[in-house]
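Protein chains in written order, with our numbering: chain A, 16 to 389; chain B, 59 to 453.
Hints in this document: simulated from the structure, not taken from any laboratory.
Here are a few chain A residues that face chain B, going by a calculated C-beta distance under 10 Å: (1) Phe-41; (2) Ala-42; (3) Glu-52; (4) Gln-62; (5) Pro-102; (6) Ile-103; (7) Glu-104; (8) Gly-340; (9) Gly-344; (10) Thr-348; (11) Thr-351; (12) Arg-362; (13) Gln-375.
Where a beta carbon is used, it is the ideal one built from N, C-alpha and C, also for glycine.
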Amino acid sequence: MVTPAQPSPDSETTWRQKLSDVLDMFAFPLRTSHYVELVNPLWSTHQMQAQVVDVWDETKDARTITLRPGVNWRLNRPGQHVRIGIPIEGRHYTRTYTISSPPERNDDCFTITVKIIDGGRVSKHIVRNIKVGDYLPIGLPQGDFYLPDASPIQPLFITAGSGITPAMSMLRSLVAQERLPDTVHIHYAPHEFDVIFSKELRQLAADKAQYHLHEVHTQEFGEQKQTQGYFSQEQLDKLCPDWKERDCYACGPPGLLAALEGVWEQAGLSRRLHIERFLADFAEIPKDAVGGKVRFAQSNLDVDADSETNLLRIAEDAGMNPPHGCRMGICHTCNTKLLSGCVRDLRTGEVLNESGAIVQTCVCAAAGDCELDL
Amino acid sequence: MATKKPLPVDLTDEQIDEFGREMESIYDDIMKSRGESDRQYILGIIRTQRSMALIGRLFMYAGLFFLPAWSHALAGWTATLLIMGLGTFMLGTAKILENMEIAHNVLHAQWDWMKDPDIQSNTWEWDTMSPSDRWMHSHNVVHHTWTNVLEKDLDVGYGIMRVTPLQEWHPKYLPQPVYFILLMLFFEEGVALHEQALVDVVEGRKKASELKPLASRIGRKIWGQVRKDYIMWPGLAALVAVPVSFFVPASPLLVFGLVAGANFIANIMRNIWAFMIIFCGHFPEGVYNFTPDQVEGESRGQWYLRQLLGSANITGGSLFHVLSGNLSHQIEHHLFPDMCSNRYPEASQRVRAVAARYGLPYNRASLWRQFGTTWLKNLRLAFPGGRPQPEVARA
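Bound conformation, chain A alone:
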């Protein structure tokens, strides 16, 4: 979670850089920021932090967290997302969440809106356990899912569940700038009380003639499963007859996005469909974990591996000479990063599948395909 240095040619920045280099000499081998952080974590520059200043339940399982970012924060473009580090039971997890607030907010804060995913440990922790006053490490806003700055487009938003968040940031920003164009918004949610930002959306629809909101409720109260209102082209034709003339911005579960892609592709309009996915970074855990293809990214090598041979051995058999020491899992010289895929710790049977996880190659084996930073 190191903030990338901003290369900037102007003299003021280099002057400040020099000053901070000199100050860091007082703190060697740490940086001055490590001591400044003791006074106020928001002033740290080696690791950007944000403080939770407010929490608000949007629905029974979704919550908006208002965060005050530290120095060096860069305003988001509406629709962008941010990396957030969350400690749970002592372990650090990193997740990416869309910023639901517009950059026009005037209190230097931003919000994320998180919905509990079924069986999701991190989302549940954020919604239920994060408290006002907590500090969380954050990254800078990123992502290319945002509205073009100048071109006068007529957007069609298709969102479902917490997929509303990037659209909300865009809508709020357009309203704040007083340049909301003719907009159609189709939103899917289980029922009327399960619509995130429902009050604000309905108010907006009442106030602005150019904003057309269609809520599709897919469940009756008390039901557990989706029963009605799946996305279909007929439904689309009915709710938004001029969809072929619009630029569509969509965010939601994979099933919905796949259906949208089919419809737009058939119409030959794929380039007018802009999609934001939530579930990109995670590797699937294969059911019957056997070996797999190991990719050593730096060496640009692909090797087949079984589920028993440790990855260090696999690398060496492939002619590489990665760093290693004890070969018994105690010295951690062989630590490397898992870029994608899945490995198994041969000692505990624990499966590592989070990209960025540290892998001890001498005691881990492939559990399906995987990619290592070696």
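Fit chain B to the known structure of chain A by using the hints.
Then chain B, alone, in the frame of chain A:
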């Protein structure tokens, strides 16, 4: 395999294997129970240590406002030295905490499980002259894998001392009590130069020119440390003292010397403490050393057994354990080098009981007994002979 010299115990291979399994179950239990309280522990220690270092340095500066040259009522050498002394003590303690309980253990990957990007063994750099990755090699790989094995573990006498009768006597060991004292005072420098490559050059196996990349790496780290303690902090004080000296008759040079001296004392204080704790780990009376043929084809159980026989614990209160980086639980640290250090006390309870059931020695005594016997052994082994450990280790 039948002719090889066994480990000095009267246990069968099957019993040793069972011993290994018991060790592993202790390890598994504790590793599985790690959680939020452990994270709070290390974060708290890091916060405390950094605050203490900063406040200590500010106290040193504050002391300068009590130099006799000031004309206020409290000015005088007593007040100056008292306040600077307090600052020195805090900085020294902070350095001890950083080196022992934080960096040593972070570099052992004890906290890697948290996946906190700021507390990772492969990126941590510590407040001492040795670059952390160099130390990780000589320590984690060489010392922890080959604990107490002659010719394999560089830490057996550090190449300059005879710490076990198994090492053949040589006249070069005669001055080793002097080395002992010197290494105690300049332990930080000693650790930075503790490299197999250096030994190879001295013994003519490598050319001096081959050392260049390594030397420049270590050199850069040493320069960073020296610059901080002996140029930046004293220099800033002296710089401020220059305009002040027009009104208060105190020389900026004196100011520079006082701050630099205080930093020097803090570093020496850390050196002596680290040396005492670390020497108590493997050199007190009752600790076993091994020959390379004893560990050939060693099983996991035998490896655990060697760690137990080759290490010694120090008894003390909880503050003592923290300040020793929990190396007062050296046995547990060697059995489970990547277990987070705050859990060693509970592991120790269980390991002691296992050792007792197997009739194995568990070397555990006060700092004075452990350091005292280390010192006596050092004196005795400067001369030929010496009493070897019993053939069979029993509790």
